[in-house]
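Enquirer: The chain contents come next:
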Amino acid sequence: MGMDERAVTEAVAGLELRGNEEGLIPAFGLYLTKHFADYYNRISFGLVGAFIRELPELEEDAIALLTEAGHVCAFHTFGGIMVSVEWDAVVRPMISTREDWAKGMIGVVNALGWGRYRLAELVPNERLVLEIAHSYEAVGMLEGYGKAKHPRCFLAAGGGAGLMNLLYQGDITKRPALTEDYYHEVFGHPRSFRARETRCLAMGDSHCEIVVERQRH
Amino acid sequence: MSKEIGPAFDIERGIIDLGGRRVVLHCNHYNVFLQRTIEDGLKARAPRLLAAAGMETARNLLGGLEVKAPSASPRESLERAVRIFAEHGFGAIDISRMNDQGGTATIARSHYAIGWRSRWGIRQTPGCYFPAGYLAGAVAIASNLAPERVVATETACYAAGAEQCTFVVEVW
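Same order as they appear, the protein sequences are chains A and B. The numbering of the first sequence is this note's numbering, which starts it at 2 and goes up by one. The numbering of the second sequence is this note's numbering, which starts it at 967 and goes up by one.
FYI, nobody ran anything at the bench for these hints, they're computed from the structure. Note that beta-carbon positions come from the ideal geometry of N, C-alpha and C, so glycine has one too. Any given hint could turn out to be false.
Footprint (simulated), chain B over chain A, 3 or more residues, beta carbon under 8 Å [unchecked claim]: (1) 3-15; (2) 35-44; (3) 56-70; (4) 114-123; (5) 134-141; (6) 163-173; (7) 190-199.
Pairs of lysine-lysine residues, derived as DSBU-like cross-links and limited to a Cα-Cα distance of at most 35 Å, are as follows [said to hold, decoys possible]: (8) Lys148(A) x Lys1034(B); (9) Lys148(A) x Lys1009(B); (10) Lys175(A) x Lys148(A); (11) Lys150(A) x Lys1009(B); (12) Lys104(A) x Lys150(A); (13) Lys104(A) x Lys175(A).
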């Protein structure tokens, strides 16, 4: 049985994810929010904008911090999902290779409202290329701030690197405990994966493209 | 009662739309980590950005919904805002001591507060900036007020050791 990404997307989109009597959404061992892209974009681009205006030499540091937030997101959200009973029920029956884990996760991501992700290339343990249409970060940049000179999909980049780190630097298939120690072990490794955005809708490209490779030291 | 508008998922584009605004799913870890990133980066100016972003987000969302499906009264508009807030996982807001001109609101289990406290423990200052901004935006839309006339202040926060989160919303 091959991985049917669309079936995964449909299954996740069909989950009844809405606040309980406390107004919280416990799922996948996490508390989820159906948040608003406007908010993320305002605060993220607000931070970068402040650095560009006042400490332009530190712009890359601001971007690194926002990308790190994407790593944290991938570790907990993707990781939490991949060790969940929901994953076991819906996705795991379609998995026959480690690469299927990545494909299954892309199917999940496509139900999160982040845009339409496509796994354009996956070289096991080496390289991942994601193509993204309608990235909420790029769309938000264009809508609120105009065309960008540089890529602006910080969450998507951090998420892409995080997916590869969970699969090939750590080993999410063995259901590790997603602790802070494990995070630092996996993401702090000098050969862990990092992402760069090589195309961005916000810069006028037709779509966004994230390339993930191991760090070279 | 106004017509209910719920999120619509477009599988071909990977977009969830609510009243013309994008909805994106994220977890507590990302939400509080991103907030901390903003606070560490902008220091004393962070609260203003975070709350203003919450207010603008609420105004865009709720204002759009009012155009598509007008509420019958300011109270009904406020109740819709509270209902959306809870359905989207941010916590249940008690607005029994609020009207469309402000008042006091509480959240027993705020997503941001419990997320912060479970990750980093008790913080020194209240930390529910998004809920505060959202509340201010909700009142501004419900009462058709210019945003600068509404201020929401979190006076007690679970993340800072209080039993629950309390917000004072003032209109001037």
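Enquirer: Check, residue by residue, whether the region 134-141 of chain A contains three or more positions whose beta-carbon lies closer than 8 Å to a beta-carbon of chain B, and give the verdict.
Expert: holds (count 5)
Enquirer: How does the coverage statement for the region 35-44 of chain A fare against chain B, requiring three or more residues with Cβ below 8 Å from a Cβ of that chain?
Expert: n = 9 at 8 Å, threshold three: holds.
Enquirer: Tell me if the straight-line CA distance from Lys104(A) to Lys150(A) falls inside 35 Å.
Expert: holds, 31 Å
Enquirer: Does Lys175(A) pair with Lys148(A) here, judged by a C-alpha cut-off of 35 Å?
Expert: Judged against 35 Å, a Cα distance of about 43 Å means the pair is violated.
Enquirer: Check, residue by residue, whether the region 190-199 of chain A contains three or more positions whose beta-carbon lies closer than 8 Å to a beta-carbon of chain B, and give the verdict.
Expert: Our answer is that it is violated, as 0 residues pass the Cβ test (under 8 Å) against chain B, missing three.
Enquirer: Just to be careful, I want the Cα atoms of Lys104(A) and Lys175(A) compared with a cutoff of 35 Å; is the pair within it?
Expert: Roughly 17 Å between the alpha carbons, so the hint for Lys104(A) and Lys175(A) holds.
Enquirer: Is the Cα-Cα distance between Lys148(A) and Lys1034(B) 35 Å or less?
Expert: holds, 29 Å
Enquirer: Count the residues of the region 56-70 of chain A with a beta-carbon closer than 8 Å to any beta-carbon of chain B: does the count reach three?
Expert: Since three or more residues must qualify, the claim that chain B covers the region 56-70 of chain A holds, with 5 doing so at under 8 Å.
Enquirer: Are there three or more residues in the region 163-173 of chain A whose C-beta lies within less than 8 Å of some C-beta in chain B?
Expert: Violated: only 0 residues of the region 163-173 of chain A have a Cβ under 8 Å from chain B.
Enquirer: Can you confirm whether the C-alpha distance between Lys148(A) and Lys1009(B) stays at or below 35 Å?
Expert: With a Cα-Cα distance of about 28 Å, the restraint between Lys148(A) and Lys1009(B) holds, given a limit of 35 Å.
Enquirer: Compare the distance between the alpha carbons of Lys150(A) and Lys1009(B) with 35 Å, and conclude whether the hinted pair is satisfied.
Expert: holds, 26 Å
Enquirer: Count the residues of the region 114-123 of chain A whose CB lies closer than 8 Å to any CB of chain B, then report whether that count reaches three.
Expert: Contact hint for the region 114-123 of chain A vs chain B: holds, 5 residues under 8 Å.
Against the hints set out earlier in the document, violations occur for numbers 6, 7, 10.
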